[in-house]
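Peer 1: For reference, the chains in residue letters:
There are 2 protein chains.
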Amino acid sequence: MYFEQIKTDGLMQWSYLVGDGNEAFVIDPRLDMGVYLEKAGRAGLQITAIFETHRNEDILVGSAKLAERTGATVYRSKYEDPGYTYGTPIGEENVFTFGKLTLRPLHTPGHTLGHLSFALYKDEHAYMVFTGDCLFYGGVGRTDFYGEENLEKMTGLMHDSLFGKIRPLGDHVLVMPAHGAGSACGDGLEEMPLSTVGREFSDTAVLPPDKDAFIALYGRILHKNPAFETMEIRNLQPQGLDCVPYPPVLTALPAGARRVDIRDLFAFSAAHYPESLFIPGDLLSSYLGWFVETSDPIVLIADNVAEETIRLAVASLARQGFDHLAGIMPDGGLSDAAGNAQTLAHIALASPEQYEKMDIAPTLDVRKEDEIEADDPVIDRFCVPLQELRERTNEVPHTQEPVYVLCQSGERATVAASYLAALGRDNLQVIQGGLSALENANGKAR
Amino acid sequence: MYFEQIKTDGLMQWSYLVGDGNEAFVIDPRLDMGVYLEKAGRAGLQITAIFETHRNEDILVGSAKLAERTGATVYRSKYEDPGYTYGTPIGEENVFTFGKLTLRPLHTPGHTLGHLSFALYKDEHAYMVFTGDCLFYGGVGRTDFYGEENLEKMTGLMHDSLFGKIRPLGDHVLVMPAHGAGSACGDGLEEMPLSTVGREFSDTAVLPPDKDAFIALYGRILHKNPAFETMEIRNLQPQGLDCVPYPPVLTALPAGARRVDIRDLFAFSAAHYPESLFIPGDLLSSYLGWFVETSDPIVLIADNVAEETIRLAVASLARQGFDHLAGIMPDGGLSDAAGNAQTLAHIALASPEQYEKMDIAPTLDVRKEDEIEADDPVIDRFCVPLQELRERTNEVPHTQEPVYVLCQSGERATVAASYLAALGRDNLQVIQGGLSALENANGKAR
Numbered sequence: 001m002y003f004e005q006i007k008t009d010g011l012m013q014w015s016y017l018v019g020d021g022n023e024a025f026v027i028d029p030r031l032d033m034g035v036y037l038e039k040a041g042r043a044g045l046q047i048t049a050i051f052e053t054h055r056n057e058d059i060l061v062g063s064a065k066l067a068e069r070t071g072a073t074v075y076r077s078k079y080e081d082p083g084y085t086y087g088t089p090i091g092e093e094n095v096f097t098f099g100k101l102t103l104r105p106l107h108t109p110g111h112t113l114g115h116l117s118f119a120l121y122k123d124e125h126a127y128m129v130f131t132g133d134c135l136f137y138g139g140v141g142r143t144d145f146y147g148e149e150n151l152e153k154m155t156g157l158m159h160d161s162l163f164g165k166i167r168p169l170g171d172h173v174l175v176m177p178a179h180g181a182g183s184a185c186g187d188g189l190e191e192m193p194l195s196t197v198g199r200e201f202s203d204t205a206v207l208p209p210d211k212d213a214f215i216a217l218y219g220r221i222l223h224k225n226p227a228f229e230t231m232e233i234r235n236l237q238p239q240g241l242d243c244v245p246y247p248p249v250l251t252a253l254p255a256g257a258r259r260v261d262i263r264d265l266f267a268f269s270a271a272h273y274p275e276s277l278f279i280p281g282d283l284l285s286s287y288l289g290w291f292v293e294t295s296d297p298i299v300l301i302a303d304n305v306a307e308e309t310i311r312l313a314v315a316s317l318a319r320q321g322f323d324h325l326a327g328i329m330p331d332g333g334l335s336d337a338a339g340n341a342q343t344l345a346h347i348a349l350a351s352p353e354q355y356e357k358m359d360i361a362p363t364l365d366v367r368k369e370d371e372i373e374a375d376d377p378v379i380d381r382f383c384v385p386l387q388e389l390r391e392r393t394n395e396v397p398h399t400q401e402p403v404y405v406l407c408q409s410g411e412r413a414t415v416a417a418s419y420l421a422a423l424g425r426d427n428l429q430v431i432q433g434g435l436s437a438l439e440n441a442n443g444k445a446r
Numbered sequence: 447m448y449f450e451q452i453k454t455d456g457l458m459q460w461s462y463l464v465g466d467g468n469e470a471f472v473i474d475p476r477l478d479m480g481v482y483l484e485k486a487g488r489a490g491l492q493i494t495a496i497f498e499t500h501r502n503e504d505i506l507v508g509s510a511k512l513a514e515r516t517g518a519t520v521y522r523s524k525y526e527d528p529g530y531t532y533g534t535p536i537g538e539e540n541v542f543t544f545g546k547l548t549l550r551p552l553h554t555p556g557h558t559l560g561h562l563s564f565a566l567y568k569d570e571h572a573y574m575v576f577t578g579d580c581l582f583y584g585g586v587g588r589t590d591f592y593g594e595e596n597l598e599k600m601t602g603l604m605h606d607s608l609f610g611k612i613r614p615l616g617d618h619v620l621v622m623p624a625h626g627a628g629s630a631c632g633d634g635l636e637e638m639p640l641s642t643v644g645r646e647f648s649d650t651a652v653l654p655p656d657k658d659a660f661i662a663l664y665g666r667i668l669h670k671n672p673a674f675e676t677m678e679i680r681n682l683q684p685q686g687l688d689c690v691p692y693p694p695v696l697t698a699l700p701a702g703a704r705r706v707d708i709r710d711l712f713a714f715s716a717a718h719y720p721e722s723l724f725i726p727g728d729l730l731s732s733y734l735g736w737f738v739e740t741s742d743p744i745v746l747i748a749d750n751v752a753e754e755t756i757r758l759a760v761a762s763l764a765r766q767g768f769d770h771l772a773g774i775m776p777d778g779g780l781s782d783a784a785g786n787a788q789t790l791a792h793i794a795l796a797s798p799e800q801y802e803k804m805d806i807a808p809t810l811d812v813r814k815e816d817e818i819e820a821d822d823p824v825i826d827r828f829c830v831p832l833q834e835l836r837e838r839t840n841e842v843p844h845t846q847e848p849v850y851v852l853c854q855s856g857e858r859a860t861v862a863a864s865y866l867a868a869l870g871r872d873n874l875q876v877i878q879g880g881l882s883a884l885e886n887a888n889g890k891a892r
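From first to last, the protein sequence lines stand for chains A and B. Residues in the first sequence are numbered from 1 upward in steps of one, following my numbering. Residues in the second sequence are numbered from 447 upward in steps of one, following my numbering.
To be clear, the hints were calculated from the coordinates, so they are not data collected in a lab. Among the hints, a few may not be true.
[Unchecked claim] In the EDC-like style, the derived pairs of lysine to aspartate or glutamate whose C-alpha atoms are separated by at most 20 Å in a straight line are: (1) B:K546 with A:D203; (2) B:K546 with A:E190; (3) A:K122 with B:D617; (4) A:K224 with A:E388; (5) A:K224 with A:D123; (6) B:K453 with A:E124; (7) A:K7 with B:E450; (8) A:K39 with B:D455; (9) A:K100 with A:E80; (10) A:K224 with A:D203; (11) A:K7 with A:D187.
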């Protein structure tokens, strides 16, 4: 038996290539699907089937292109059709065999109405279950995509799917979800390498058997990245790339492109091209969609950024549908600009010691609501989560006096400050090291 | 939580680096232990403990050197002392914590008398069990190291360890053994990526609950690689390498070194330096010890062999204690030798079609007893398993007439023929493609 979990960094998406004998299948292939061709080819396997657990919204899938390259059939749920233009509808009556392996679809609605999980049997024993966005490690898929009015219904369906379809497979069955900790498709997921059905259901605080308690716990509206809307539409049409192409390398800033700076936080704070949005290269998937349209032209500013990080950043853009990358600037531009005395911008930093001495200090806290505690050592705080900043910019006072910007570590605060500065705000100071540094300076152990 | 399974190819040995918070432990580190330093360092973890499941016999362990580099403590079983000169003895009363992880030793004799498994608890739930050479995927550790006279006792202990210590941990617990399929520490292991306690115990044909049935199934004497004896002794003394050094690259054959040819089988058959032993580079760990002493000087002949395979071959030698590698010859030697009309040797190949037409054809079958079937299409067969060939060379007739050499694919037959040819036998013919080819030529589907 061949088994590989393909972890796509940035998106925290896990796809799977599984085979036996000389046949293999893929679960939820990513956009740049050459990776499956290479791995299957080297293992002497022919990919004959591609399964989608649901119409994905946080990644572009490469199913159609992978099918074209391999002759495989794409299978997707018959229980819901958001307007697919490809794929063969399947349900629980369908059974698929690959050598000694058998794969059985399970209808597990909750994240979406048509969501499928797939139980894998080896020598007729249940062995693994591919749970897509139904069951994760230490959490479940979000149930808020059908709006407030359907939240209770969808969360109830999720409960029934988990306790009616997944749990009966048996404690010994390995759980293989579509996402790990850090994904926007669930909340509070646990950083764990592996898990089993028995392990997940053993903690009733995480998976309450009581349906009302379950709905109370998970019936929540979460932030939805605007880029998801684009991907939901594009995933109905054939997509796919053999690999993400290396973009043009530029030596001058292109006109009209959004400047996205993926350098080190301190390097960015000290000097950057005016109007640049700061986002660390490995976090583009998490943050970019909140500030930039997928249709916007983009230039990545990447002086002294590791090649590995640049490649991940470029791939992350493609995988979320940011298709208008004008180019990257990996080398030298900023130093030259400084040497030529061109105007560079910077972000003012306030040290925790400076901040603590203030009597009046309007402070923008950009963390999420559930991170905030009443006794945080923050002066004159007002809260706008980073995800809502674009819609709520006018809540940030545009005064002569400084506005301090805070998050846990200083990273999201710098993203926020860079966004506001690009809009012309010149009164922002990022609290260096964020709340962690404030608490250390304060001697408060957490 | 950090978790990584480090798979060492060739030996099919699986070691583990696991951590939480900023502390980590290693289970059964291999000789070249720099790999754990690098992975732990990059993950921001300090290795504070090293656990040995048992005194290993099929690999050299790097525990002592890893302890020296990290300041970690080496822990080993208190239930048996074969003469250790390092390590702190521990038993079931000891408990170790690493962040939110707890590790508890379990005394699981059978493979050895003192063998330990380690149950890992996360947030106080049993999560994984590191089973060493007790429980593998689809099989158990061999129980014959204490001789025929203790075979029933040791196999009975193995049964009690499995059903008394491992199974009670619960179906949902992940099984993390020290070896995968292909290891010489178990027999008939299954090629599986992952497994759980529930999965392993679900098949009563593999793990019979009845003790007598279990002993009947597993109470067997297996071949023991002579290199194991050396490793058993050396593993009592501190060992370890930061990495396996790249050996001298030679352009001429060194005097007095055993010639081990790791090239392609067909290349070897057509032309090789006289007296060379043929062993594929990725199978050195499996075969070399049957023919060469760990103290013998060795030269690896590797024209046109992939660099990756050369590195694996060199590492495999070091990891099993073949410390006298005079050098490698990766390039050009053989072509030059042919061009200069030096004497090169070859192995005669018989095609299946030629062989089938023979009336009399003494045939040496070097497969293991359990591979042989009475109706194999083999003429005048006599059997000497490859592992026993060195001791039973005199059973191979040294006649004018050819002796045919057979295995399943032709690979082991070529190893055998090369060994015999180096002893001066000049009447050998390898049946090309082995039994598989004979059966194809015969039209017999298996």
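Peer 1: With reference to the structure, classify each hint as holding or not holding.
Peer 2: Cross-check of the supplied hints:
1. B:K546 with A:D203: Satisfied, since the Cα-Cα distance of roughly 16 Å is no more than 20 Å.
2. B:K546 with A:E190: Holds, because 13 Å separates the two Cα atoms, which is no more than 20 Å.
3. A:K122 with B:D617: Roughly 17 Å between the alpha carbons, so the hint for K122 (chain A) and D617 (chain B) holds.
4. A:K224 with A:E388: This hinted pair holds, its Cα atoms lying about 10 Å apart.
5. A:K224 with A:D123: violated (42 Å)
6. B:K453 with A:E124: With a Cα-Cα distance of about 28 Å, the restraint between K453 (chain B) and E124 (chain A) is violated, given a limit of 20 Å.
7. A:K7 with B:E450: Holds, at about 14 Å.
8. A:K39 with B:D455: Judged against 20 Å, a Cα distance of about 18 Å means the pair holds.
9. A:K100 with A:E80: Violated - the C-alpha atoms of E80 (chain A) and K100 (chain A) are around 30 Å apart, more than 20 Å.
10. A:K224 with A:D203: Violated, at roughly 28 Å.
11. A:K7 with A:D187: holds (19 Å)
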